[in-house]
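**Student:** Chains as they are written, first to last, in the working numbering: chain H, 396 to 706; chain F, 396 to 706.
Hints are not guaranteed to be accurate.
Copies of the same chain look alike in the list, so a pair counts if it fits in one copy or across any two.
[As the list claims (entries may be wrong)] Below, simulated SDA-like cross-link-like pairs (lysine to any residue); rule was C-alpha separation at most 25 Å, straight line: (1) 479 / 578; (2) 477 / 546; (3) 479 / 588; (4) 576 / 485; (5) 576 / 599; (6) 479 / 569; (7) 477 / 685; (8) 479 / 572.
Note that these hints are calculated values from the structure, not bench results.
Number of protein chains: 2
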Amino acid sequence: MSITVVGSIAFDAVETPFGQRDRMLGGAATHFALAASVLDQVRIVGPVGDDFGDEEMAILQTRGSNVDDVERVAGGRTFFWKGKYGWDLNTRDTLDTQLNVFEHFQPKLSEDSQNADVLFLANIQPGLQLQVREQCEAARFVALDSMNLWIDIARDELLDIIGRVDCLVLNDEELRQLTEKPNLISAAHAVLEWGPSMVVAKQGEYGSALITADDFFALPAYPLHQVVDPTGAGDTFAGGFVGFIAKHIDQLHDHEVLRNAMAYGTALASFNVEQFGTEGLQDIEASAVRERVDDLWRFARFERMEVALVD
Amino acid sequence: MSITVVGSIAFDAVETPFGQRDRMLGGAATHFALAASVLDQVRIVGPVGDDFGDEEMAILQTRGSNVDDVERVAGGRTFFWKGKYGWDLNTRDTLDTQLNVFEHFQPKLSEDSQNADVLFLANIQPGLQLQVREQCEAARFVALDSMNLWIDIARDELLDIIGRVDCLVLNDEELRQLTEKPNLISAAHAVLEWGPSMVVAKQGEYGSALITADDFFALPAYPLHQVVDPTGAGDTFAGGFVGFIAKHIDQLHDHEVLRNAMAYGTALASFNVEQFGTEGLQDIEASAVRERVDDLWRFARFERMEVALVD
Numbered sequence: 396m397s398i399t400v401v402g403s404i405a406f407d408a409v410e411t412p413f414g415q416r417d418r419m420l421g422g423a424a425t426h427f428a429l430a431a432s433v434l435d436q437v438r439i440v441g442p443v444g445d446d447f448g449d450e451e452m453a454i455l456q457t458r459g460s461n462v463d464d465v466e467r468v469a470g471g472r473t474f475f476w477k478g479k480y481g482w483d484l485n486t487r488d489t490l491d492t493q494l495n496v497f498e499h500f501q502p503k504l505s506e507d508s509q510n511a512d513v514l515f516l517a518n519i520q521p522g523l524q525l526q527v528r529e530q531c532e533a534a535r536f537v538a539l540d541s542m543n544l545w546i547d548i549a550r551d552e553l554l555d556i557i558g559r560v561d562c563l564v565l566n567d568e569e570l571r572q573l574t575e576k577p578n579l580i581s582a583a584h585a586v587l588e589w590g591p592s593m594v595v596a597k598q599g600e601y602g603s604a605l606i607t608a609d610d611f612f613a614l615p616a617y618p619l620h621q622v623v624d625p626t627g628a629g630d631t632f633a634g635g636f637v638g639f640i641a642k643h644i645d646q647l648h649d650h651e652v653l654r655n656a657m658a659y660g661t662a663l664a665s666f667n668v669e670q671f672g673t674e675g676l677q678d679i680e681a682s683a684v685r686e687r688v689d690d691l692w693r694f695a696r697f698e699r700m701e702v703a704l705v706d
Numbered sequence: 396m397s398i399t400v401v402g403s404i405a406f407d408a409v410e411t412p413f414g415q416r417d418r419m420l421g422g423a424a425t426h427f428a429l430a431a432s433v434l435d436q437v438r439i440v441g442p443v444g445d446d447f448g449d450e451e452m453a454i455l456q457t458r459g460s461n462v463d464d465v466e467r468v469a470g471g472r473t474f475f476w477k478g479k480y481g482w483d484l485n486t487r488d489t490l491d492t493q494l495n496v497f498e499h500f501q502p503k504l505s506e507d508s509q510n511a512d513v514l515f516l517a518n519i520q521p522g523l524q525l526q527v528r529e530q531c532e533a534a535r536f537v538a539l540d541s542m543n544l545w546i547d548i549a550r551d552e553l554l555d556i557i558g559r560v561d562c563l564v565l566n567d568e569e570l571r572q573l574t575e576k577p578n579l580i581s582a583a584h585a586v587l588e589w590g591p592s593m594v595v596a597k598q599g600e601y602g603s604a605l606i607t608a609d610d611f612f613a614l615p616a617y618p619l620h621q622v623v624d625p626t627g628a629g630d631t632f633a634g635g636f637v638g639f640i641a642k643h644i645d646q647l648h649d650h651e652v653l654r655n656a657m658a659y660g661t662a663l664a665s666f667n668v669e670q671f672g673t674e675g676l677q678d679i680e681a682s683a684v685r686e687r688v689d690d691l692w693r694f695a696r697f698e699r700m701e702v703a704l705v706d
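Using the sequences plus the hints, can you model the full thing?
**Tutor:** Shown next as structure tokens:
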């Protein structure tokens, strides 16, 4: 099985209370691939500029991810994002966004990328997501991320592409904005009416929730004493989630597959936020990932005890 | 076993996107007692005014809660709070607070209330909480709630009382404010250094987390399609949590007791927020509570699946 991801490959400048980096590899496709590659073969689709070096390309190729469809745009510059986080890391200000090579990006997938069983449409312009979706007719599972910007300025296109995916992964406040429903469960069920069979609400430090027509599941974020840089946590989560599903594509409708997928996404995201940029995921050990999934298994369960109640 | 709760008994005026009430029974002790009484015998301590009627007193006495220590202050008026919630219920503005009979409240507990095994110090002035704590020397489990106001204006007294309880129950942002630690886990561990053996972080619609020196547990809020009025959700949660512990006071250090306590608190809080004020808890059925605890049991667990990982 293989997973195709299309999305941003970026240079990020990030300032958090724990330090800053002026230029490091980032982007949604990057973070996704670093996580998904722990589980399965990944093919990355996206543009980079002349300023994108061999060192960065080598990081993209971690654990064998394929970069044949990473398009080098001659004379172009790589997507750039600069942001600063507040003291508890729950707020962030975007200080600069330079689309650069993304401005005129027209995704052209190789045959191998088109034939992937699993497709992740990371957060980019919904029209581009639709173009990629149409090139991947064979995909058996397609997940989509987006953001408030597209809800504001490209709502119709976003609804189009949502109608053509199996899973919407979105921040919980954006789910409310998208559906204009203040309640998370109502908002998720509204999305299920539009086509997807599942919705994952990303809730930042509170973890994530999975909503299907007949099931609900929630996991806390992995408890850490220090979070250094949350950038890319959502995409890392998506990489673990989608990666686990890719490995179990024939059991897609088994709730336990989806729940384990949530646990792998959560565990991998915890490594991402412990260090800046891609540092946390580059050299990750399988045993460390398993240990955190085991921890989550313990942190999230209780055994029912009988108790007399007063009516 | 019995539980003594000291805290506000109030009239609330509440406006939410789903309606409004100009005057209904509220207050931390009220919501706590309505929940804890599902599990155990409750004794309520707090002042009310001349305006407090027999109908309200009857609600306090739901499921046999004892009101011998509810002090009627002649010529006084009952505590009053008025608030308005935003569209997603995650923000609220306090429009009016009238301390009234609470301004000169000096708690004097009857012998029976002093002898309770379990004590809940709901959110009131920390000095008053300390006075009550000193009257209940026999208590085997004491839990405490507070709020940002006391962190701001009575920090030393608050630290005093925190050092004399077993459990601090606090909103997660207030935990950060109290400890000046931006990270929830670090904040909770700072509190554990001060004396309590456990910290419960209330996280609103995201649920709650339990932190002890050697354990972590988190539960989502019960998923509801509509929340009507979140007022008192935290106190209702505390009532279920403390009530379950009171029923298992000899197994206090069993993690499963604490986890089930979290589940009962979460389930009871979900009934509270479905209706205005005390409506959701007044006529609750034991079978309905058990059903929601069973649901939470399912919503929060996964069974580990083996998967090959790439190092």
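**Student:** Indicate, hint by hint, whether the structure satisfies it.
**Tutor:** Structure-based check of each hint:
{"no.": "1", "hint": "479 / 578", "result": "between (29 Å within a copy, 17 Å between copies)"}
{"no.": "2", "hint": "477 / 546", "result": "within (22 Å within a copy, 35 Å between copies)"}
{"no.": "3", "hint": "479 / 588", "result": "neither (37 Å within a copy, 32 Å between copies)"}
{"no.": "4", "hint": "576 / 485", "result": "both (22 Å within a copy, 13 Å between copies)"}
{"no.": "5", "hint": "576 / 599", "result": "both (20 Å within a copy, 18 Å between copies)"}
{"no.": "6", "hint": "479 / 569", "result": "both (20 Å within a copy, 23 Å between copies)"}
{"no.": "7", "hint": "477 / 685", "result": "neither (33 Å within a copy, 49 Å between copies)"}
{"no.": "8", "hint": "479 / 572", "result": "both (24 Å within a copy, 21 Å between copies)"}
Of the numbered hints stated above, those contradicted by the structure are hints 3 and 7, listed in ascending order.
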